[in-house]
Amino acid sequence: MENTTKDRPVQSAERRLFLRYAGVATGAILIQSCVDKDYMTTPIPGTGVTTVDLGSGDIGILNYAYALEQLEAAFYTQVIATPYTGMTDTEKTMLTEIRDHEIIHRDFFKAALGAGAIAGLEVNFSAINFTDRASVLGAAKTFEDLGVAAYNGAGKLIKDVNYLALAGKIVSVEARHAAAIRSLLSPKTASFAGDDVVAPATGLDPAMAPLAVLTAAQPFVKTTITAANLPK
Amino acid sequence: MNLFKIFQDIEAIDGDATERLAYYSRRSLLGLGKKALTVSAPVVMASVLNEAYAQTSSVQDVLNFALTLEYLEDDYYQKGNAAANLIPAADKAIFTQIGKHETAHVALLKGALGAAAVAKPTFKYTATTFTDYPTFLLLAQAFEDTGVRAYKGQAGNLLGMDVLTTALQIHSVEARHASEVRRLRGLRGWVSATDEAPAAVYAGEDLTTQATVNLVTLTGKSADRVREAFDEPLTKAAVLAIAAPYL
Chain X
4 MENTTKDRPV QSAERRLFLR YAGVATGAIL IQSCVDKDYM TTPIPGTGVT TVDLGSGDIG
64 ILNYAYALEQ LEAAFYTQVI ATPYTGMTDT EKTMLTEIRD HEIIHRDFFK AALGAGAIAG
124 LEVNFSAINF TDRASVLGAA KTFEDLGVAA YNGAGKLIKD VNYLALAGKI VSVEARHAAA
184 IRSLLSPKTA SFAGDDVVAP ATGLDPAMAP LAVLTAAQPF VKTTITAANL PK
Chain B
351 MNLFKIFQDI EAIDGDATER LAYYSRRSLL GLGKKALTVS APVVMASVLN EAYAQTSSVQ
411 DVLNFALTLE YLEDDYYQKG NAAANLIPAA DKAIFTQIGK HETAHVALLK GALGAAAVAK
471 PTFKYTATTF TDYPTFLLLA QAFEDTGVRA YKGQAGNLLG MDVLTTALQI HSVEARHASE
531 VRRLRGLRGW VSATDEAPAA VYAGEDLTTQ ATVNLVTLTG KSADRVREAF DEPLTKAAVL
591 AIAAPYL
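Line order of the protein sequences matches chains X and B. Heads up, the working numbering is the position in the first sequence plus 3, with the first residue counted as 1. Heads up, the working numbering is the position in the second sequence plus 350, with the first residue counted as 1.
Among these hints, one or two may not hold up.
Covered by chain B, per the in silico footprint, the following chain X stretches (three or more residues, Cβ under 8 Å) [to be verified]:
(1) 76-85
(2) 110-118
(3) 149-158
(4) 163-173
(5) 179-187
(6) 204-216
In silico negatives: residues of chain X with every beta carbon more than 10 Å from chain B [to be verified]:
(7) T53
(8) S59
(9) T88
(10) E100
(11) F128
(12) S129
(13) A130
(14) G141
(15) Q221
(16) A231
Because the hints were derived from the structure by calculation, they are not lab data. These numbers come from a predicted model, not from an experiment. Don't be surprised by glycine CBs; every beta carbon is placed ideally from N, CA and C.
Model the full assembly from the supplied sequences, consistent with the hints where possible.
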């Protein structure tokens, strides 16, 4: 059943958003400028930033999710901006929808975190060949599987039941993506939930701790992400 | 938790409930042509069940609830995979994999519950379920998407516990299954339109606001994309109302 109670941090985030948005039709750029300035000393991407710290407690976990969603959104934005050779219409439709989901997730976390949000991360996709289908879909598979494992591992660290509910609403969508991407790579096989990811004896997806996830993600992020204060 | 006891409990609270449940059961999941009925009936039942179970949240209850759903899924795919001339050769590998996971989930939950595990119920299906592939696919989708919503609805009862991790690890596998089965049916892997059927399975999936943030306004993306980006939970009562016809 949908939880109708409004928890305080998100409510206050919305109030801030409303004030910022008053009279503004679309405002992702506005939010960016308002939120980034008042958190830590981290400059905006492209201006020589070096490090962001995710923070502690539930805010730290939400920032962790926000960081991963930033990475995914940036990746699919590039995929659609420079489609790989031979991308079919069906593939383009699917990948565009996934891009939009990730942008929605990213913007949602940013709005919910308000002034507590980390800065925008600078990504590094130099290892991905965006003209090559196998390279792009292989990276997509990595990101989606990693996202699923990350949310699965983070759930237990969340203290506020409303935040847990939000993470739960998102993780299954990431799992749907993961299966869809895997099917593009290997249609009509067991790969959508293959033995390489879902343990065959238990039927369980992985659950990874934040530090392990960040280690795996860091090669794709130029900004150094530190997570020493996250719950363990 | 024991399924027969559930019905007795409800009867004690609402004397007409069992009779109404039997009435609605006859026309639930596969009554796709009767959309108006499928919309309202489980909602009515959910409200009755909610009264009875609003306070139930012990870990053992959550796990037995999950086990019951896994029993149903496991039974369903065992029968489907064993049926001659049902699953086309090209799709066999997919359902073998799904069935393997459901069997593993049953074993895992039974192991976790030990002597407290509920016994496997006897399930019943309509006549064409294992002879007509579109019917089989439709029900598979309904079970998987309901399973995703069911686990999600129980997460809060396991807050901060190790067992929450296990539940989440099952939850995301059900979502992988759901995505695959949906695409076999020519649908998106994610829950999208507001009129998806069976209606009870998708009731309440149409939100465009999360944690008071209107995401259409925030992102400029369509309502469809926003709805797809978030899967919604179902209460235990709503899930049991959906599963009731098969129990």
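Right, here's what the structure says about each hint:
1. Residue count for the region 76-85 of chain X with a Cβ under 8 Å from a Cβ of chain B: 0. That is fewer than the three needed, and the coverage hint is violated.
2. Residues of the region 110-118 of chain X lying with their CB closer than 8 Å to a CB of chain B number 4, which satisfies the three-residue condition for coverage.
3. Coverage of the region 149-158 of chain X by chain B holds in this model, with 5 residues showing a Cβ closer than 8 Å to a Cβ of that chain against a need of three.
4. For the region 163-173 of chain X, the assignment as covered by chain B holds, since 8 residues bring a beta-carbon within under 8 Å of that chain's beta-carbons and 3 suffice.
5. Chain B is given as covering the region 179-187 of chain X, and this holds because 6 residues of the stretch bring a CB closer than 8 Å to a CB of that chain, at least three being needed.
6. Check on the region 204-216 of chain X: 7 of its residues sit with their Cβ under 8 Å from a Cβ of chain B, so the three-residue criterion for coverage holds.
7. Distance check on X/T53: its Cβ is at least 29 Å (rounded) from any Cβ of chain B, clearing the 10 Å threshold; non-interface status holds.
8. The claim that X/S59 lies off the interface holds: its Cβ sits roughly 16 Å from the closest Cβ of chain B, which is beyond the 10 Å cut-off.
9. The beta carbon of X/T88 is kept farther than 10 Å from every beta carbon of chain B, the shortest such distance being approximately 24 Å.
10. For X/E100, the non-interface assignment is contradicted: its Cβ lies about 7 Å from the closest Cβ of chain B, within the 10 Å cut-off.
11. No Cβ of chain B approaches the Cβ of X/F128 within 10 Å, the least distance being about 22 Å, so the stated non-interface status holds.
12. For X/S129, the non-interface assignment is confirmed: its Cβ lies about 28 Å from the closest Cβ of chain B, beyond the 10 Å cut-off.
13. Consistency note on X/A130: stated as away from chain B, and its beta-carbon is indeed over 10 Å from all of that chain's, at 26 Å minimum.
14. Listed as a non-interface residue, X/G141 keeps its Cβ farther than 10 Å from every Cβ of chain B; the least gap is roughly 18 Å.
15. Its beta-carbon lying about 23 Å from the closest one in chain B, X/Q221 satisfies the requirement of being farther than 10 Å from that chain.
16. Distance to chain B confirms X/A231 as a non-interface residue, since its nearest Cβ pair spans about 21 Å, more than 10 Å.
Hint check: violations occur at hints 1, 10; the rest are consistent with the structure.
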